Amino acid sequence: MRYSNYYGCENVAFIYFNEWADPKIEYKGFQWSSWMIEDALHDEFMETGTPYTDDAFAEYVRFRVEEYLKDCLYGMGTMDIEFIKDNAPGWFEYLRDDIAYGDDENGEWHGWRRVSDSEVLEHFAGIAFVVEDFECLSA
Numbered sequence: 001m002r003y004s005n006y007y008g009c010e011n012v013a014f015i016y017f018n019e020w021a022d023p024k025i026e027y028k029g030f031q032w033s034s035w036m037i038e039d040a041l042h043d044e045f046m047e048t049g050t051p052y053t054d055d056a057f058a059e060y061v062r063f064r065v066e067e068y069l070k071d072c073l074y075g076m077g078t079m080d081i082e083f084i085k086d087n088a089p090g091w092f093e094y095l096r097d098d099i100a101y102g103d104d105e106n107g108e109w110h111g112w113r114r115v116s117d118s119e120v121l122e123h124f125a126g127i128a129f130v131v132e133d134f135e136c137l138s139a
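For the sequence shown, position 133 (counting from the first letter as 1) is numbered 133 according to my numbering, and the numbering increases by one without interruption.
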């Protein structure tokens, strides 16, 4: 189940799989463990010295989560295709579509073709990606 407003933040999604799987937080096509993000934000909140209440923490998350995730993204440096497959499914699908488009060498369109995960991994093997490569998806 995908919820589009994590703590009321429109650009941050909360993804809940089931009670046995750890939920994810998604921002600009990239997914993190929700526990990792909440723990980091909780630590930051506790350092502010504000008395803890659920409402105060929720307000802090609403105020801080998007900037925190943006810092995480831009601090990652380069990523390979395996890392993207495992952590940014939206980006991986974008790359799959990039090689699935059916143009020939003359630019004539022949339709879409089905592309397997292994074809995507092979096609982009050895290429280092950075967040800016996916800015078109991140608007």
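There's no promise every hint is true.
[Claimed, not checked] Below are the BS3-like pairs computed for lysine-lysine, each with C-alpha atoms no more than 27 Å apart in a straight line:
id : residue 1 : residue 2
1  : Lys85     : Lys70
2  : Lys70     : Lys28
3  : Lys85     : Lys28
The set of hints was computed from the structure by calculation and includes no laboratory data.
Here the structure is a predicted model, which means the values were calculated and not measured.
(request) Go through the numbered hints given earlier and state which of them the structure violates, listing their numbers in rising order. (result) none
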